[in-house]
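**Student:** Residue numbers (our numbering), protein chains in the order written: chain X, 1 to 335; chain W, 1 to 335; chain U, 1 to 335.
Where chains are identical, the list cannot tell them apart; a pair therefore holds if satisfied intra-copy or between any two copies.
Restricting the straight-line Cα-Cα distance to at most 27 Å, the calculated cross-link-like pairs of lysine-lysine (DSS-like) are: (1) Lys267 <-> Lys148; (2) Lys87 <-> Lys196; (3) Lys252 <-> Lys87; (4) Lys87 <-> Lys248; (5) Lys267 <-> Lys35; (6) Lys186 <-> Lys156.
Since the hints were made in silico from the structure, they are not lab data.
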Amino acid sequence: MSSFTGNHILSVTQFNREAIDLVFNVAESMEPYAKRKKRTTVLDGAILGNLFFEPSTRTRVSFGTAFNLLGGEVRETTGMANSALAKGESLYDTARVLSGYSDIIAMRHPAAGSVSEFAEGSRVPVINGGDGANEHPTQALLDLFTIKRELQYNNKTIDGLHIAMIGDLRYGRTVHSLSKLLCLFKNIRFTLISPKELAMPQNILDAITDAGHSLHITEQLEGNMDADICYQTRIQEERFPSQDEANKYRGKFRLNQSIYTRHFQSKTVIMHPLPRDSRTEANELDNDLNLNPNLAIFRQTDNGVLVRMALFALTLGVENLVSQYERDVVWYTNK
Amino acid sequence: MSSFTGNHILSVTQFNREAIDLVFNVAESMEPYAKRKKRTTVLDGAILGNLFFEPSTRTRVSFGTAFNLLGGEVRETTGMANSALAKGESLYDTARVLSGYSDIIAMRHPAAGSVSEFAEGSRVPVINGGDGANEHPTQALLDLFTIKRELQYNNKTIDGLHIAMIGDLRYGRTVHSLSKLLCLFKNIRFTLISPKELAMPQNILDAITDAGHSLHITEQLEGNMDADICYQTRIQEERFPSQDEANKYRGKFRLNQSIYTRHFQSKTVIMHPLPRDSRTEANELDNDLNLNPNLAIFRQTDNGVLVRMALFALTLGVENLVSQYERDVVWYTNK
Amino acid sequence: MSSFTGNHILSVTQFNREAIDLVFNVAESMEPYAKRKKRTTVLDGAILGNLFFEPSTRTRVSFGTAFNLLGGEVRETTGMANSALAKGESLYDTARVLSGYSDIIAMRHPAAGSVSEFAEGSRVPVINGGDGANEHPTQALLDLFTIKRELQYNNKTIDGLHIAMIGDLRYGRTVHSLSKLLCLFKNIRFTLISPKELAMPQNILDAITDAGHSLHITEQLEGNMDADICYQTRIQEERFPSQDEANKYRGKFRLNQSIYTRHFQSKTVIMHPLPRDSRTEANELDNDLNLNPNLAIFRQTDNGVLVRMALFALTLGVENLVSQYERDVVWYTNK
Chain X
1 MSSFTGNHIL SVTQFNREAI DLVFNVAESM EPYAKRKKRT TVLDGAILGN
51 LFFEPSTRTR VSFGTAFNLL GGEVRETTGM ANSALAKGES LYDTARVLSG
101 YSDIIAMRHP AAGSVSEFAE GSRVPVINGG DGANEHPTQA LLDLFTIKRE
151 LQYNNKTIDG LHIAMIGDLR YGRTVHSLSK LLCLFKNIRF TLISPKELAM
201 PQNILDAITD AGHSLHITEQ LEGNMDADIC YQTRIQEERF PSQDEANKYR
251 GKFRLNQSIY TRHFQSKTVI MHPLPRDSRT EANELDNDLN LNPNLAIFRQ
301 TDNGVLVRMA LFALTLGVEN LVSQYERDVV WYTNK
Chain W
1 MSSFTGNHIL SVTQFNREAI DLVFNVAESM EPYAKRKKRT TVLDGAILGN
51 LFFEPSTRTR VSFGTAFNLL GGEVRETTGM ANSALAKGES LYDTARVLSG
101 YSDIIAMRHP AAGSVSEFAE GSRVPVINGG DGANEHPTQA LLDLFTIKRE
151 LQYNNKTIDG LHIAMIGDLR YGRTVHSLSK LLCLFKNIRF TLISPKELAM
201 PQNILDAITD AGHSLHITEQ LEGNMDADIC YQTRIQEERF PSQDEANKYR
251 GKFRLNQSIY TRHFQSKTVI MHPLPRDSRT EANELDNDLN LNPNLAIFRQ
301 TDNGVLVRMA LFALTLGVEN LVSQYERDVV WYTNK
Chain U
1 MSSFTGNHIL SVTQFNREAI DLVFNVAESM EPYAKRKKRT TVLDGAILGN
51 LFFEPSTRTR VSFGTAFNLL GGEVRETTGM ANSALAKGES LYDTARVLSG
101 YSDIIAMRHP AAGSVSEFAE GSRVPVINGG DGANEHPTQA LLDLFTIKRE
151 LQYNNKTIDG LHIAMIGDLR YGRTVHSLSK LLCLFKNIRF TLISPKELAM
201 PQNILDAITD AGHSLHITEQ LEGNMDADIC YQTRIQEERF PSQDEANKYR
251 GKFRLNQSIY TRHFQSKTVI MHPLPRDSRT EANELDNDLN LNPNLAIFRQ
301 TDNGVLVRMA LFALTLGVEN LVSQYERDVV WYTNK
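With the sequences and hints as input, model every part of the structure.
**Tutor:** Put into structure tokens, the structure is as follows:
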């Protein structure tokens with residue numbers, strides 16, 4: 001049992017450094033189960049209510065898989081068109097009812113604040129799987145966990161990190177939440193690269209400087225950077241007044257292997273919250289980076305399973321019981 | 001093994017008083033598992049086909065959860081847009097095929113009579129999860145089970161019950177089915193409160209009087225009632241010729257704490273089939289009733305899990321084996 | 001472990017006769033579990049990613065059920081409207097991400113070639129559940145498995161088979177794939193009955209004659225045929241220039257009990273890939289055939305579960321371990 005047990009996970013602002021350390025330690029301990037070296041059934045009989053009132057295949061499946069890997073069952077719903085919410089039911093009522101059908105809930109909803117409102121009516125712990133422009137705390141945690149792991153290969157820690165964030169820093173929910181979490185650490189160097197129109201909001205900038213971190217803001221990739229992490233984001237075309245404007249910006253903030261070689265040191269890790277747009281020539285993260293071993297985007301999504309397993313285990317108070325309910329895996333796996 | 005084993009559950013008319021007693025006794029025995037005091041795997045390996053050709057999140061999840069709580073697996077489908085039914089397949093064919101993939105089926109479909117037609121083709125037991133305006137027997141059973149349990153707190157039984165039904169008694173499928181089940185009991189007093197346009201259908205009125213029960217029909221809440229149960233329903237605006245008419249009726253048949261205090265005794269239990277509409281000021285069941293301990297609406301949905309567990313156990317003939325396949329629950333639960 | 005272990009199943013062209021024999025032997029060994037005589041948990045802890053980017057209730061549920069019957073869990077998605085693919089993500093990225101959430105993937109997608117492209121990015125084995133007009137190998141295998149089983153009742157083998165294929169042989173993916181598989185056997189007699197406009201493609205005809213099989217092509221049912229199998233297909237009205245044309249063809253290529261009696265020997269087995277259209281009078285496979293014991297269409301879908309179980313077991317290398325993880329089934333079943 002930890003301080004997480006029985007509590008909701010709604011926002012990155014809930015986490016202090018000690019809590020983050022705990023989550024990450026538990027996440028590391030989940031690896032043998034995620035890699036199918038072993039099977040655990042510690043959550044045998046538990047039911048996850050996987051409520052995606054706004055569809056999101058990968059986040060939904062990631063939560064569901066994490067719960068299955070601990071031995072639990074998943075009941076889920078996708079979309080809102082036919083839900084009682086669409087017929088005028090309050091989030092409170094929906095929460096009272098659906099929390100009677102599960103032991104823990106992962107929820108996504110398009111409206112900012114909706115998951116917290118839902119949590120007030122819920123009789124079981126609720127994990128925020130994204131509530132509109134507001135929060136997506138498990139994404140921020142998996143991003144930070146990935147940074148920690150990638151740095152470890154180079155014998156570095158999050159303290160002292162130099163991170164470059166590129167692209168749409170204004171509307172990109174992930175970079176806001178990640179920045180907030182990084183503020184809990186020491187001596188972080190932020191290099192923020194975005195068009196002025198898509199600059200990081202002032203409240204995040206204030207949080208960074210208030211925490212004593214170093215901040216460099218620029219409108220384009222410059223010179224040779226010693227960033228440990230390059231966190232690229234998606235620029236949505238609809239943010240711009242015209243297609244011409246969008247194309248101009250696209251060119252300036254895209255990343256491919258030759259741009260990477262020109263601007264980053266050979267160990268800089270490339271991250272992105274995904275999905276990336278692969279339809280156009282000049283996309284934000286070119287496919288030619290797929291051969292670059294520093295491209296960590298798929299390690300990010302893999303790490304998401306570990307982090308979500310950790311949050312389930314902590315919230316349901318079994319983080320120390322997992323190995324007691326262990327079995328052998330007898331089927332083929334190359335995980 | 002009981003008389004339920006291997007049989008379909010299609011209509012409330014299948015039930016006599018003995019059958020109801022059996023279902024309710026089994027439902028009571030399910031509580032330790034539903035409350036996660038214990039885990040059972042009696043249905044290990046069984047597969048529920050949860051076929052919601054008409055979407056209904058809460059009923060679908062309730063069936064699925066009930067099956068998981070007995071140790072079974074759930075395969076499901078939602079909607080009809082992409083189904084073979086939409087391509088001209090008969091319900092018979094759909095049933096032959098899908099019953100090959102499961103051990104029991106819970107089915108909802110928008111067309112009255114469709115579930116029975118489907119059941120004729122099915123090679124496994126089918127439980128009606130609602131077929132349009134026709135039947136929704138598990139809702140009626142959970143309503144009656146809730147009445148029984150709520151009365152028990154006051155040392156009362158269903159025999160001798162005074163129930164007030166309010167609102168749309170014409171189109172409200174739940175009040176029809178519940179009335180039919182109540183006809184199997186003794187000395188029931190029905191007070192039916194609705195606009196004339198939405199009065200209880202004659203065949204239900206006949207069934208009530210034929211069974212020797214007492215019947216009082218009125219168009220508005222009157223004086224001080226000694227009802228044990230106040231069963232409120234949703235009045236759908238589209239039933240009325242104009243928004244003005246709808247508003248007038250809304251005002252007359254709504255319930256909030258002050259109306260409750262004025263018209264009901266302090267122990268009257270408030271029920272509603274849910275969802276309730278919380279968008280408007282004058283909704284049918286005001287949120288200020290949430291603090292009223294007699295508001296049983298969420299106990300109703302909780303009881304639905306028990307009743308559905310009971311029906312699964314009886315239909316699959318394991319009602320006496322559940323505790324033989326018991327395990328401890330080791331994870332946190334506040335159920 | 002077999003040659004299947006860890007490999008994708010994308011096309012019928014992957015199979016030689018030895019591989020087919022292996023799949024069918026394993027499929028036969030699955031029957032006690034599919035019929036619920038026994039339960040196995042050999043895939044305990046394994047997760048199937050059941051990714052139906054093109055919806056198909058029965059194929060999706062059949063894959064999911066097959067995986068559950070081996071003890072595994074299923075995470076799934078239906079449709080593409082809200083997927084990352086719709087936002088411009090490449091199949092490669094989708095595969096990299098989603099293969100991190102599962103141990104094996106069954107996938108359907110509307111675009112020909114998409115499943116193979118996805119498989120290149122996947123880190124786990126992928127089974128093609130249908131990629132548009134291209135391939136649907138598990139359907140072809142279950143069709144062939146059904147032929148083998150049906151012939152066995154008459155002490156016959158696939159070698160020496162006489163099969164009549166009727167209807168839309170041009171666009172019908174199933175008859176193409178089945179024909180390719182049959183080319184691996186000996187002395188097959190093909191009678192192909194279709195309107196000229198919907199004739200079997202030349203490449204399939206070539207494959208049949210190259211393999212030394214006998215071929216008879218005609219535009220209508222003739223005389224009395226000694227076919228072992230009559231494989232009927234659906235003629236889609238939209239293939240024809242006008243409703244009149246469609247009706248004319250419908251009449252010519254439909255099958256009902258009296259046409260069956262007139263043209264086929266009493267042991268001819270009737271197959272169809274389903275769904276069949278039951279809305280019109282003159283449908284391709286009349287409901288009056290439901291009483292004909294040679295109508296094998298529902299044995300086909302039942303066999304699909306066995307074949308899919310076999311493919312999962314082989315791909316995950318547990319085909320010889322299934323019975324080691326056996327338990328009793330204690331609940332009612334009439335399978």
